[in-house]
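Enquirer: Residue numbers (our numbering), protein chains in the order written: chain Y, 1 to 447; chain E, 1 to 160.
These aren't lab readings, by the way, just hints derived from the structure by calculation. Computed from a prediction, not measured in an experiment: that's the story for all the values here. For glycine and all other residues, C-beta sits at the position ideal for the given N, C-alpha and C. Any given hint could be a false lead.
Claimed, not checked - List time: in silico DSSO-like cross-link candidates among lysine-lysine, alpha-carbon distance up to 30 Å: (1) Y:Lys66 x Y:Lys55; (2) Y:Lys416 x Y:Lys66; (3) Y:Lys147 x Y:Lys83; (4) E:Lys74 x E:Lys86; (5) Y:Lys82 x Y:Lys55; (6) Y:Lys334 x E:Lys84; (7) Y:Lys273 x E:Lys74; (8) E:Lys52 x Y:Lys273; (9) Y:Lys362 x Y:Lys309; (10) E:Lys61 x Y:Lys411; (11) Y:Lys83 x Y:Lys73; (12) Y:Lys362 x E:Lys61; (13) E:Lys61 x Y:Lys405; (14) Y:Lys51 x Y:Lys190; (15) E:Lys61 x Y:Lys416; (16) Y:Lys362 x Y:Lys334; (17) Y:Lys58 x Y:Lys147; (18) Y:Lys362 x Y:Lys291; (19) Y:Lys55 x Y:Lys96; (20) Y:Lys291 x Y:Lys416; (21) Y:Lys416 x Y:Lys73; (22) E:Lys84 x Y:Lys411; (23) Y:Lys273 x E:Lys158; (24) E:Lys158 x Y:Lys190; (25) Y:Lys202 x E:Lys84; (26) Y:Lys202 x Y:Lys58; (27) Y:Lys66 x Y:Lys82; (28) E:Lys158 x E:Lys61; (29) E:Lys61 x Y:Lys291; (30) Y:Lys121 x Y:Lys96; (31) Y:Lys190 x Y:Lys411; (32) E:Lys84 x Y:Lys273; (33) Y:Lys340 x E:Lys61; (34) Y:Lys66 x Y:Lys121; (35) Y:Lys73 x Y:Lys121; (36) E:Lys86 x Y:Lys190.
Said to hold, decoys possible - Rough simulated footprint, nothing fancy, chain E against chain Y, three-plus residues with beta-carbon under 8 Å: (37) 51 to 62; (38) 292 to 305; (39) 311 to 324; (40) 418 to 430.
Single-letter residue listing:
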Amino acid sequence: MKKILLTIFLLFNLNNNAHSLVEVDITRGNLEPLPIAISPLYVEPGSSDVKQEGKIIKDVGAEISKLIETNLKRSGLFNPLKKESFVQKPDIAHAKPRFEDWRLIKAQALVTGKVTVTEDKLRAEFRLWDVVAAKEMVALAFSTTPKNWRRVGHIISDKIYQRLTGEEGYFDTRIIYVSETGEKTQRFKKLAIMDQDGANVKYLTLGNELVLTPRFSPTNQLVTYLSYFRNLPRVYLLDIETGVQEVVGDFPGMTFAPRFSPDGNKIIMSFAKDGNSDIYTMDLNTRVVEKITDHTSIDTSPSYSPDGKYICFNSDRSGLQQIYVMRSDGSNVKRITFGKGLYGTPVWSPRGDLIAFTKVHKSRFYIGVMRPDGTGERLLTENYYQEAPSWSPNGRVLIFYRETKSDDQGKGFSAKLWSIDLTGYNERLIETETDGSDPSWSSLLSK
Amino acid sequence: MVFLVNLRKYLIIALAGIALTACATQKRGSGQMQGDVYTGSATVEFLATGVKDRVFFATNKSTLTTASRDTLRKQAAWMRKKGKDKTFTIEGHADERGTREYNLALGERRANAVKDYLMTYGISGSRLNVISYGKERPVNSGSNPLAWSQNRRSVTVKAN
Numbered sequence: 001m002k003k004i005l006l007t008i009f010l011l012f013n014l015n016n017n018a019h020s021l022v023e024v025d026i027t028r029g030n031l032e033p034l035p036i037a038i039s040p041l042y043v044e045p046g047s048s049d050v051k052q053e054g055k056i057i058k059d060v061g062a063e064i065s066k067l068i069e070t071n072l073k074r075s076g077l078f079n080p081l082k083k084e085s086f087v088q089k090p091d092i093a094h095a096k097p098r099f100e101d102w103r104l105i106k107a108q109a110l111v112t113g114k115v116t117v118t119e120d121k122l123r124a125e126f127r128l129w130d131v132v133a134a135k136e137m138v139a140l141a142f143s144t145t146p147k148n149w150r151r152v153g154h155i156i157s158d159k160i161y162q163r164l165t166g167e168e169g170y171f172d173t174r175i176i177y178v179s180e181t182g183e184k185t186q187r188f189k190k191l192a193i194m195d196q197d198g199a200n201v202k203y204l205t206l207g208n209e210l211v212l213t214p215r216f217s218p219t220n221q222l223v224t225y226l227s228y229f230r231n232l233p234r235v236y237l238l239d240i241e242t243g244v245q246e247v248v249g250d251f252p253g254m255t256f257a258p259r260f261s262p263d264g265n266k267i268i269m270s271f272a273k274d275g276n277s278d279i280y281t282m283d284l285n286t287r288v289v290e291k292i293t294d295h296t297s298i299d300t301s302p303s304y305s306p307d308g309k310y311i312c313f314n315s316d317r318s319g320l321q322q323i324y325v326m327r328s329d330g331s332n333v334k335r336i337t338f339g340k341g342l343y344g345t346p347v348w349s350p351r352g353d354l355i356a357f358t359k360v361h362k363s364r365f366y367i368g369v370m371r372p373d374g375t376g377e378r379l380l381t382e383n384y385y386q387e388a389p390s391w392s393p394n395g396r397v398l399i400f401y402r403e404t405k406s407d408d409q410g411k412g413f414s415a416k417l418w419s420i421d422l423t424g425y426n427e428r429l430i431e432t433e434t435d436g437s438d439p440s441w442s443s444l445l446s447k
Numbered sequence: 001m002v003f004l005v006n007l008r009k010y011l012i013i014a015l016a017g018i019a020l021t022a023c024a025t026q027k028r029g030s031g032q033m034q035g036d037v038y039t040g041s042a043t044v045e046f047l048a049t050g051v052k053d054r055v056f057f058a059t060n061k062s063t064l065t066t067a068s069r070d071t072l073r074k075q076a077a078w079m080r081k082k083g084k085d086k087t088f089t090i091e092g093h094a095d096e097r098g099t100r101e102y103n104l105a106l107g108e109r110r111a112n113a114v115k116d117y118l119m120t121y122g123i124s125g126s127r128l129n130v131i132s133y134g135k136e137r138p139v140n141s142g143s144n145p146l147a148w149s150q151n152r153r154s155v156t157v158k159a160n
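Could you put the whole structure together from the sequences, leaning on the hints where they help?
Expert: Quick look at the structure:
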């Protein structure tokens with residue numbers, strides 16, 4: 001992942017935060033999103049235009065503010081107010097908001113800021129104000145190269161989200177997924193990467209071979225995935241920055257369902273030997289391979305707990321697909337799903353408190369969550385076909401893919417990326433240029 | 001009047017009965033599925049004259065049916081005699097109604113069930129490569145039970 005130089009410094013001390021009145025409760029649904037006014041960032045006179053891939057962006061301050069608005073709105077927790085109703089001009093608002101003006105339009109929080117752009121540097125400064133208590137809550141400044149202006153908007157969005165919900169944000173992140181085109185019987189699949197909001201799509205493979213299930217390393221520099229290169233389905237590793245691909249381990253058979261260990265040192269995956277899939281790990285430094293499960297059933301879809309001590313996985317050792325949890329050395333295997341139907345694709349929350357899964361019952365597909373001991377099952381969404389949830393880094397949102405039913409001629413088929421909050425509210429389509437599947441969410445790019 | 005109404009009712013029941021039987025016979029009669037295993041020939045191709053290239057499976061299963069074993073014995077016989085110099089790839093497939101990773105494992109298990117059976121009929125394992133495509137390469141793109149039954153398959157393909 002391309003590193004950018006990003007300096008963040010506090011403009012003021014963040015005292016008196018505990019006394020703020022404005023806050024968002026994100027444990028419940030989006031019943032009353034917080035009204036927030038996001039003033040366009042004031043562009044300092046004399047600033048240059050931002051040039052990006054042949055396009056010229058005249059008012060980058062307004063663009064950043066629009067991006068923040070979209071982020072916050074899509075989170076379902078905020079209600080960004082219409083800019084036409086704003087009374088105060090951006091430059092004055094940033095220096096000293098007239099809180100009564102903002103109260104009048106029912107804003108509870110206000111975002112102001114200014115940007116200065118030179119040929120090679122963009123400096124942005126923003127403030128978050130508690131309109132009700134008439135107080136400043138956050139004040140930060142960032143510097144980066146002008147073409148990174150979108151990231152500035154995402155980082156500001158994260159700071160606002162964090163300050164108002166008390167949880168880390170997830171806007172300065174990327175999604176890796178499989179881009180799909182062509183007929184259902186002969187789909188072309190490419191690895192694709194984009195920002196969390198769908199911008200900056202890049203295709204990482206050419207589509208010459210089938211690729212599936214990409215997953216980020218904890219530092220987001222590497223991706224592990226399944227490739228059918230030369231008709232040998234094997235787990236690969238891709239360095240996003242250099243584009244270098246390598247096969248992980250020279251197994252005499254198919255390896256699939258890869259994920260990184262939380263420390264990034266190992267890849268855990270299935271290896272199918274003589275038709276039987278078991279779970280293995282490979283140490284990326286020493287190349288030592290360890291067999292973790294040894295059973296005549298299918299064992300697949302392994303995912304580590306964030307502390308690395310446990311692994312949840314999918315097995316049909318009881319006859320049909322169910323979810324199991326074991327210690328990371330393979331001992332103490334316990335089945336955790338006993339509900340009606342089949343369970344697959346378990347994935348441990350980055351907070352450690354939940355496991356997300358796909359459930360199939362009476363020919364319907366559900367995305368759900370449960371505690372790691374199998375209690376507290378909650379189904380978040382039901383559809384004709386959907387699977388493979390992946391967590392936002394703060395463990396509040398799940399991204400997954402959904403396929404539609406085809407008619408008898410195969411028409412009407414599509415595969416799209418969707419997200420839903422842990423609350424079961426705020427289900428949203430994530431727009432992509434092509435069809436998409438197997439999404440995987442990165443961790444925060446900058447902390 | 002009462003008599004007439006009753007008669008009508010009987011007539012409707014009788015007609016419904018005929019319709020039901022007709023449905024049932026048609027399903028079996030056209031040889032499309034037994035249980036949910038495909039028994040038709042719509043997508044089937046041939047390794048050689050009279051030797052079908054594929055066998056079909058029940059949902060989530062990799063057990064070979066009587067008909068599948070018959071097909072595979074014919075494949076083995078042909079491999080032993082006419083196809084002596086050939087190697088083969090056995091492709092395992094699943095339908096679209098399962099999770100992707102489990103389906104990859106399931107396709108692998110199906111293809112290996114075929115490989116094992118061919119080996120018991122004297123074909124060397126070194127001539128038989130196995131590859132699973134999971135749900136990635138359906139042969140029928142419909143979303144209905146018949147399409148799914150055609151997609152739950154293992155196909156034997158000449159590799160040289």
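Enquirer: Taking the earlier hints as the rules, which of them does this structure contradict?
Expert: Per hint list: 6, 9, 18, 19, 20, 22, 25, 36, 37 and 40 violated.
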